[in-house]
Amino acid sequence: QKEVEQNSGPLSVPEGAIASLNCTYSDRGSQSFFWYRQYSGKSPELIMSIYSNGDKEDGRFTAQLNKASQYVSLLIRDSQPSDSATYLCAVRGGTSYGKLTFGQGTILTVHP
Amino acid sequence: DVKVTQSSRYLVKRTGEKVFLECVQDMDHENMFWYRQDPGLGLRLIYFSYDVKMKEKGDIPEGYSVSREKKERFSLILESASTNQTSMYLCASSAQRGGTDTQYFGPGTRLTVL
Numbered sequence: 001q002k003e004v005e006q007n008s009g010p011l012s013v014p015e016g017a018i019a020s021l022n023c024t025y026s027d028r029g030s031q032s033f034f035w036y037r038q039y040s041g042k043s044p045e046l047i048m049s050i051y052s053n054g055d056k057e058d059g060r061f062t063a064q065l066n067k068a069s070q071y072v073s074l075l076i077r078d079s080q081p082s083d084s085a086t087y088l089c090a091v092r093g094g095t096s097y098g099k100l101t102f103g104q105g106t107i108l109t110v111h112p
Numbered sequence: 113d114v115k116v117t118q119s120s121r122y123l124v125k126r127t128g129e130k131v132f133l134e135c136v137q138d139m140d141h142e143n144m145f146w147y148r149q150d151p152g153l154g155l156r157l158i159y160f161s162y163d164v165k166m167k168e169k170g171d172i173p174e175g176y177s178v179s180r181e182k183k184e185r186f187s188l189i190l191e192s193a194s195t196n197q198t199s200m201y202l203c204a205s206s207a208q209r210g211g212t213d214t215q216y217f218g219p220g221t222r223l224t225v226l
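Going down the list, the protein sequences come from chains V and D.
With the first letter of the first sequence counted as 1, position 66 gets the number 66 in the working numbering; the numbers rise by one all the way through.
In the working numbering, each residue carries its 1-based index in the second sequence increased by 112.
Don't take each hint at face value.
Listed below are the simulated DSBU-like cross-link pairs for lysine-lysine, each with C-alpha atoms no more than 35 Å apart in a straight line [said to hold, decoys possible]:
| hint | chain 1 | residue 1 | chain 2 | residue 2 |
| --- | --- | --- | --- | --- |
| 1 | V | Lys67 | V | Lys99 |
| 2 | V | Lys99 | D | Lys183 |
| 3 | D | Lys125 | D | Lys182 |
| 4 | D | Lys169 | V | Lys42 |
| 5 | V | Lys99 | V | Lys56 |
| 6 | V | Lys99 | D | Lys125 |
| 7 | D | Lys169 | V | Lys56 |
| 8 | D | Lys125 | V | Lys67 |
| 9 | V | Lys56 | D | Lys125 |
| 10 | V | Lys42 | V | Lys56 |
What the hints contain is simulated information worked out from the structure, not anything from laboratory work.
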């Protein structure tokens, strides 16, 4: 079983819709959770970090964390074509030094 | 504003050459990381460092070494480049203090080994 798994893509949504990206992780001691966006040929950039159960909102983005279910998700409201990218879920386990484990990524396409 | 820079965006080397990839961060971060990213395989950790002169192997350290002589600089070394090391190499850094452990990435180096 992979340590961090993301829902298989690609995911295609129409402009203006809500895109839902999901991620599960296996290490119950995980402390920190991140969503990165990566455009083709570019490096990952942080969208959201979340550390405690519940929802965290930032503009059109909402991260949701459920530690009991070992589940983290990212919702993108009012999706735009510029949101088309690969979204990476990353989890910091119980170890030190800030080492992250990344999921394989979900490709999102927002079509006009 | 956070900044991680890498020495080259594109690099072409020949099999057997010794290759140096450099990464510099200006955020006074303790942790630095080297990843490679390949289609279908995601981001894989090669090595990381949590302090000057300290290093830890990641998931795929074979064929690579690293050096961290100064806090801001972390170098990845391919001792004898091989074609299977053709990849996108990404450097990242993060802080140990303050409860925030976000990793910030450099722009990446696309290495081609012929």
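Going down the list of hints, with the structure as the test:
no. : hint                : result
1   : Lys67/V x Lys99/V   : holds, 19 Å
2   : Lys99/V x Lys183/D  : holds, 17 Å
3   : Lys125/D x Lys182/D : holds, 26 Å
4   : Lys169/D x Lys42/V  : holds, 25 Å
5   : Lys99/V x Lys56/V   : holds, 23 Å
6   : Lys99/V x Lys125/D  : holds, 30 Å
7   : Lys169/D x Lys56/V  : holds, 34 Å
8   : Lys125/D x Lys67/V  : violated, 45 Å
9   : Lys56/V x Lys125/D  : violated, 45 Å
10  : Lys42/V x Lys56/V   : holds, 26 Å
Consistency with the previously given hints fails for numbers 8, 9, ordered from lowest to highest.
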